[in-house]
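Residue numbers (this note's numbering), protein chains in the order written: chain A, 3 to 291; chain B, 3 to 195.
In case anyone wonders, no lab produced these hints; they're calculated from the structure.
Hints are not guaranteed to be accurate.
[What the hints assert, rightly or not] Computed spacing ranges between beta-carbons, pair by pair:
(1) Arg132(B) with Asp65(A): 22 to 32 Å
(2) Ala275(A) with Leu170(B): 43 to 53 Å
(3) His183(A) with Arg70(B): 46 to 56 Å
[Said to hold, decoys possible] A partial selection of chain A residues facing chain B, derived with a Cβ cut-off under 8 Å:
(4) Ser8
(5) Pro53
(6) Pro60
(7) Leu71
(8) Leu162
(9) Leu169
(10) Val204
No experiment lies behind these values; they were computed from the predicted model shown.
Beta carbons: idealized from backbone N, C-alpha and C, even for Gly.
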Amino acid sequence: MSCERSIEVQAYFDAELDALKAREVEQHLASCAECARLLEELGATRRALEPLRAPRVPRPTLDLIERALDREAAGAGAGAGAGAGAGAGSGARAGAGPGRGLARGGRLMEWLGEWLRRPAFAAAFGALAGIALTAALFTGGTLQSVGGNAAGARMTDEILTDHLRSLLPDQLLEVQSTDRHTVKPWFAGHADASPTVVDFAVQGFPLAGGRVDVVDRRRAAVLVYRHGAHVINVFSWAAGDAQLPAHTTRDGYRMRCWRSTDLEYCAVSDAGAEELETLERLIREAATP
Amino acid sequence: MDAQAACLLERYPAMSDGLDDKRARFEAQVLPHLDAAYRFARWLEPAPGAADDLVQEAALRAYRGFERLRGTNVKAWLLAIVKNCHFTAQRARHARDMVPLSEDTDSVQDPALVASDDPLKEALEADQTRALERVLLLLPEEHREVLILREVEDLDYRAIAEVLGVPLGTVMSRLARARAALRARYLEREAVS
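Please build the complete structure, drawing on both the sequences and the hints.
Following this line, the structure appears as C-alpha cells:
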C-alpha cells in the first residue's frame, strides 16, 4: 500500500533533507497522489498533537528540585571542606546567604519572589512564554562574544538569567498592561528608573507590561514587549560610569545594550538581531521629543 | 565593594567551575528545559505524580553530571537523562514483577478493549485533548516517546537518536510507524464523527 518513498516524504516534512534532496521529493510529490496525501496527514498529526505542548512542571515540583539542588550543592561544599578544612565548608554556606543572592539566578528568583511578586497578573502569559521557550534554540552555552570588562560580563550573566527566569510560568509580568499610563507610574513606585513607556503595537512590537528585576544591585525597570512568538525584555536603569555589556549571543538569546542621555538599556530575546535593532531605534526615537 | 562581589567579578569572565558558578550555569542552561523534561516524563510514567518524581530524579542526576556536558544539545541531553532514569526505574519494577499495563512496550492493544467509553462519543467530547492523550497511552511506549520528542519537543532525528540511544534509521522507521498508528487510532476516528 505504501510508496517506497514515504520515508523520504516524512524526512522532507521534518525538514531533515538538504535543498537538493528536498527538491527531488517535491517533484515526486507532484506526481504521487499517495505521498501527497501522506504529507497532508503528517500535517494533521502534528496539529492534533499541538495541545500536548502546554503542560509545564508544576510549581511545587520546581520548588522541590530547587531544594534538592541546594542540598546537593551544600553536600558537595561539605565534601570539599573535609579536605581543605572548615574554610571551604563555610564558604559554601555563605553562597546561600542573601547578600550573595542578588547576583545569582536561583537566589534572585526567591528574593524577588519574597519581595516583589504581585498577584498572578501574568497567568495569561504563561502560554506565551512557553512558545518562546520551545522556540529558543539552545546550542549548549557557546559564548560568541563577551563584554570587554568584568562588570559587563557579570551584568550579561545577570540579565540573561533574568530573561530566562522571566520565561518561567508566571514570572514574566508584574504589571500587565498595554497602557503606558498604567506602566509608567508603576515603575515610579517600584524601580530605580522610570523609562519612557511606549506601545509599539503598530510597528509589530506590542507592549505586554512591566516587571522589576535586580541588575547590578539596582532595581531595573523591565519593559516586556512581544514580537510574534518572541518575548523581548528591555531592562533599563539610570546611566552610570560602568561600561555597558557588549552585544552578546548566548544559547540562542541575543542581548543588545545602548545608552540614552539619562538611562541605559539592555534588550534580550530569542528574536533576531534586526528585530532588536529595530526596537532600539523605536525606543530611542520615542525618548527624544 | 565587598569581598564576595570582588570574588564574583573575578570568577564570571573566567567561567571557572566554582560551586556557585556551576549552579548558576546549570540554572541558565538546564532549567529552561525542565518543562520539556516534565512533558516527556508524563508519557514515560503516566501514573499520577510519577512524572514529577522522574523529573526530580533526572534534574538531580543532570546536576551531578553537568561537568560532563560539553557543547551538545542541552535539551536532548536532559531528555536522555529522563529516559535513562525511567529505564532504571522500569527495570526495578520488572524485577519486582509490578509492571503497570501501560508500560507494556511490545503488545499492541486494541483501544476498544481498554477504553470504556464509546470512541465516537468520546471524539465528540469537548475535551479533545483528553481523548488524544488516551489514544497516546494506548500506543506502545516506543511509539509514544518518538512522537513526543519529534512533534511536541521539536527535536531533530539526530537528537532523538541521542535521547533514545538508537540509530538514525530506527528513529525514522519508528516515527513512521508511530505516526501511522496515531492516525489510525485518533485522526480517522475524528473523521468519522
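The hints, checked one at a time:
no., hint, verdict
1, Arg132(B) with Asp65(A): 22 to 32 Å, "holds (28 Å)"
2, Ala275(A) with Leu170(B): 43 to 53 Å, "violated (33 Å)"
3, His183(A) with Arg70(B): 46 to 56 Å, "holds (52 Å)"
4, Ser8, "holds (7 Å)"
5, Pro53, "holds (4 Å)"
6, Pro60, "holds (7 Å)"
7, Leu71, "holds (6 Å)"
8, Leu162, "holds (6 Å)"
9, Leu169, "holds (7 Å)"
10, Val204, "violated (31 Å)"
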